[in-house]
Each structure stands twice: as C-alpha cells, then as structure tokens.
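Colleague: Starting from the given sequences, assemble the full structure and let the hints guide the process.
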Amino acid sequence: MNRDEELQALNLNFLVTEFLLPEINDAMRETRPSGSRRRGAQLQGALFEIFGWMYLGVQVGYFHRQHATQLLKEHYQTIFPKKLMDDSLIRNLFPELEPILRRAIKGDFFPDMTADFREQGRLGTAFRTAFVLGSGFARDSLAQGFSTTLNFASEAFWVALTGEEKSKVAPDQILLALNLTGPAPVAVTAETLYAGFLRTLEHMDAARDLFVECERSDKTSLEELEFWRRVRQLQAWRVNLRDRKVRFMEVARKVNKEVISELNTPDLKYEPRFFLIKIEELVNYWLGEATDRSRERTATA
Amino acid sequence: MFPTHCLQPFPDSPGSHALLSQEASTDTAIIFVHGFGGSAQKTWRDFHRLIDERADDYKWWKDSDVFFFQYDSVTKPIAVTAHHLLSFVEATFPIPDPRLFTLDGNSSVAVQEIKHIKDIHVRPGSVKYKHLVLVGHSEGAVLIRRAIIEKIKLLREEQRLPAQREQSDIDLLLTTAPILSASVVLFAPAYLGASCSGWTGLLFHLSKIGSFLNPILNYMAAYVDLQKGSPVLQSIKEDTEYFANAFGWMDALYAKSVFGDADRIVYLGEYKHDPPPTFVKGQDHLSVCKPKMGYQYPLEIVRYEPRRRASSA
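Chains as they are written, first to last, in my numbering: chain A, 1 to 301; chain B, 1001 to 1313.
The set of hints was computed from the structure by calculation and includes no laboratory data. Just so you know, even glycine gets a beta-carbon here, dropped at the ideal spot from N, CA and C. Where hints are given, some of them may not hold.
To be verified - Partial list, derived from the structure: chain A residues whose beta carbon lies under 10 Å from chain B:
{"hint": "1", "residue": "E5"}
{"hint": "2", "residue": "D108"}
{"hint": "3", "residue": "T125"}
{"hint": "4", "residue": "F131"}
{"hint": "5", "residue": "D205"}
{"hint": "6", "residue": "A206"}
{"hint": "7", "residue": "L210"}
{"hint": "8", "residue": "E213"}
Unchecked claim - Now the stretches of chain A that chain B is said to cover, found in silico as 3 or more residues with beta-carbon under 8 Å:
{"hint": "9", "segment": "6-15"}
{"hint": "10", "segment": "43-52"}
Modeller: Next up, the structure:
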C-alpha cells in the first residue's frame, strides 16, 4: 500500500467511526418489529447519504475506491436492503443521486468516475470541511427529529404538532428541548420540533456560508463550485424543500409571528418579515437556485 | 496531493475530532474550544479548510496537530465542563492518545471493516509535543481560564507550587503541569459576561433582534454562569488576576483577546494583567473566529508564542 492509499484509509476511518457504524447500528435496531416506519425511512435516507459521501469522496480522491468498495460489500445488506421500505424514497429524496443509487443497489458502486473532478488534491480540504459539517448535521438528534417529521409524518400528525389548534408552544420549553444534544433519538413533540428546526437552520446556514465563501473567491474554480453543489445535493433530502417547503415555511412563519408578538414595542422599528426573509434566502440556496455570482461565472465560462 | 492534515475521530469523546499533521517536525498541539450553543464542527469550520489551503502563508500550522473539543455547552455548569476540558487537555498534551495516530488491529474499528488495512500511521515515530496553544470562543474562553485556575489550585493543594522563583523549580513544575506554559488566544471571550447567547445569539444574527428569549434563559446553567457579575465569572477573574500577580511566569494566565467591533453579545474588555485586546473592524460575535479568504487574522494570531518578559526571575 503506498502512502496515498494509507492516507485514504485514514480518511475512511473517520467516516466509519463517526458516520457509518452509528447509522448501521441504529438501522439494525429499527429493523426490529417495534421500530417505527418513519424512523426506518429516515435511517434509510441517512445510509443512502453516506453512500453519497463515499461516492463523492472517491470521485475527489479522498477515499480509495477499493477500500470503499470493500466497506460497502461488508454492509451491503444493511445499506441497500433488497426490499426498500419505500422505493419512492430514492426518487423523491435523492433525485440527483437516483442513477448512482440504482446502480449501487445492483452492486455497481463506483463505475468509471474519472471525468468529473480533475483537481483531486485541491478538493481534499474542501471535502474534509464539508464532511465534518455533514457528520455534525447527521448526528444531531434534534435536527434529525425535525427532518424525520418534516419528510415522513402524516398530515394529521404534522397538524397535531403545528396546527392552530395546538396550544401555544412556550419558548422556554423549546430552549429546554435544545438541551438535548448528541445522536440519541428524541421523542417528537412540538417543542423538539421547533428546537430541531432552529438547529437545522444553523446547519443549513453553516453549509451555505462555506459555499458563498468559495463562490466569492476568484481563486475558486468551477470544479470546486460544482463540488459544493454536489455536497448540497447530498444533504438536501434532510429538508426536502422541493416537496416539503410548505411545511418548512409554516414553522418559519410561526417563529416569525412569535418573535413579532414579543417585540410588540411601538418604539422599535423593524421589518415584520425579518425572520422569514432570512429563511427564504436560505431556502433558495438549498433549493439550488443559482446566485447572481454563480450565474455570472457560469456565463463567463 | 493530499492535505497536510488528516481528519481523525477523538477516542472516547463523541464529536471531538483532530486534524493531525503528516509532518515529522510537528511539535505543537492546538486545542479549540467552542462557545455557548456552538459545536466543534460548526464553530471552527473555516479552520478545517484554511490551515492547509493557506499553509504557505502561515507555516506553523504544518507543524501543528489541531484538536476540536466538543462538549454540552447548554446544560453543564462551567466548572464541570472546565474540569472535563482539563482532562481533555492533559490527555492530549504533551503525549496524545496513540490511538489517534495509528490504524491497527487494536485501535480502530475501521480495520475490522476493511480487513487488509493495518498498521498505518499518520506520521512516523512517537508523538510528544513541545508547545500548546489553547483557543476559545465565547464561553470556550471562560472554560479555558477556569481549567487553568483549576490546575493551579490542584498544584497549590498538593503544595507543588514553587515558593521561590528559581528557574529550575519553574522548569520542573512546567514539566509536570505543562498546561501552564500554553499560549492562550480567545475570540470574543465571554469572561466579562454575555448579554445574550445560544440560539438567542443565533436568532440575533439571523434576524437582527436578540432579546425575546432573555426572560427564560435562566433555565440554562451555563447561561446563568455567563451573566454579567455572575459569581462564577467574578471568581475566575479574581483567581486569574491573583495568580498572575503571584506567578507571573505562567504564560497560560495571559491571554490574547480578539473582539469584533460589531459584537453585540459579550461585554468587551480584558483582565488587568492581559495585553490589550485586538478589535477587528466589521466582525461580529460569531464571525470574529472564522477565518475567510478576505479575513485571515484568526489564522495569523492562533500560534504558539511564548510571552516576552524582562526576566524570568
């Protein structure tokens, strides 16, 4: 094994310990009869995302193709169960990754992938940064509770948590819910839902910040911008804004409303949609809508 | 070509992780401590990238291993977390956990997954650092100062603090309590108190408002500790200033502080004996610790730098 391969093995160690094994252990627990269907679907999504990270990591040379293949073979049954709980999961949550996921399910994990990224060394630090942030998002129980509910809860369950009939959620209870840290699943209540929403905003904002920073630099290549676009695609399923924007914005509107009622001071001048404006900017980024700067650079290229 | 630093999980400390240099000349450990409501992943995200991308301009990063300490910033009182931080520092400096640096049959789960991988090292040889840098943001700064105080008090309890300022005694003590020789860099330190923080701080920066949660923040132990005039902050200040007066040779008692001039969260200022803080134009509470292509000061200031003094005696 040469030094590059050794480093790629060390890189994979972080993925295995921080990302893959915890999700696999959770998935094993959830396949028991007592496991909830909603959570099962979320775990399946998380495992597909991990495959996506491995795929992108192999593309940019951060992981070694053979190591990653061996790892996937080892856990094939868990990551790609024969009977997917819901085949529409791939179509709805991973539209951009659908072709590679379909091939992976057939055991063709990493077909010819040399064409996409040529600046492999340069993208190593970008991948590492994105990956650390991604693992933080994935292992945040509150954010994942919010994601599960947003994506998979029935309308009745969603309304019960967020509807007008629901008695007012006290911010102190949300703050107490924010005490919950770490990866252990949390019970979904209105309080944990709102806390998860706020945590999710933090993760979304941090990821956007990195993209914008790269985008602003004249030294950033188009390939790097493409890399960050793929990173967003990998994680976008967690907030699935194509299908769940209405739900997402419902929560945002409620927070906006609550804050306005707190700020009911005649002396204070503020834009009444202050919070929503920021959320809409975030949503637009996560929906993949090009910024002016991206459009300008793509046009120039 | 691979980045100089290699990302590894920190054993037995969920969420904590390290960027380990491949350079054999590595002699410095830099430990980052996030603040209230932050995380090891989010708060320092730009360092993860730029320490390698800007290594030609800031060469000392190549010879540094970087550790990101993760803790529960919301529920635990400062004294408890500071105690954990001290344990983390002492488990890292001067001799870090060897499991961080090697993939072998005993130390890594990955090896069990990828069976032919064994005996891979981040860099050759055993690891023993010469220098330590502690870097804190907001509440993280308070934790660092409290951890240093705890160490000094333990030494005092064990009657190991030298009565005379003999260099040989000092050297001996620094060998057994090397944390006391650390360089300390604090971004937006909350050691004079915070007017709002946590997700109030987040909302504040997302939305330019910040006070709607204040009436209920008392539920959170760490927040209570961070209030201006809190007994915890007062005691850390008094102890640090007292020890700096008595043991001026302990570099770790002196901190370089950096504030953004747009910080609306913490009360700005420094301890009596500290060098004057740096105020950075256009940065706020959250952005001041995040280097960017156009704002590289955090990369520049985080480095080991022994304190200059007229005489060691």
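Colleague: Taking the hints in turn, state whether each one holds.
Modeller: Now for the hints, and whether the structure bears them out:
For the restraint placing E5 (chain A) at the interface with chain B, the shortest Cβ-Cβ distance is roughly 9 Å, inside the 10 Å limit, so the hint holds. The beta carbon of D108 (chain A) comes no nearer than 20 Å to any beta carbon in chain B, farther than 10 Å, and the hint placing it at the interface is violated. Below 10 Å, beta-carbon pairs count as interface contacts, and T125 (chain A) has one with chain B at about 5 Å; its hint therefore holds. Annotation: F131 (chain A) was flagged as interfacial toward chain B, and the flag holds, the nearest CB pair being 7 Å apart, inside 10 Å.
The beta carbon of D205 (chain A) comes within 7 Å of a beta carbon in chain B, closer than 10 Å, and the hint placing it at the interface holds. A cut of 10 Å between beta carbons decides the hint on A206 (chain A): the least distance to chain B is about 5 Å, and the hint holds. Here the hint on L210 (chain A) is kept, as its CB sits about 7 Å from the closest CB of chain B, short of 10 Å. Contact between E213 (chain A) and chain B, as hinted, is supported at the beta carbon level, the nearest pair being about 6 Å apart and thus within 10 Å.
Requiring three or more residues with a Cβ within less than 8 Å of a Cβ of chain B, the coverage given for the segment 6-15 of chain A holds, as 8 such residues are present. Coverage of the segment 43-52 of chain A by chain B is violated. Counting CB-CB distances below 8 Å, 0 residues qualify, and the rule asks for three or more.
Comparing the model with each earlier hint shows violations of hints 2, 10; every other hint is respected.
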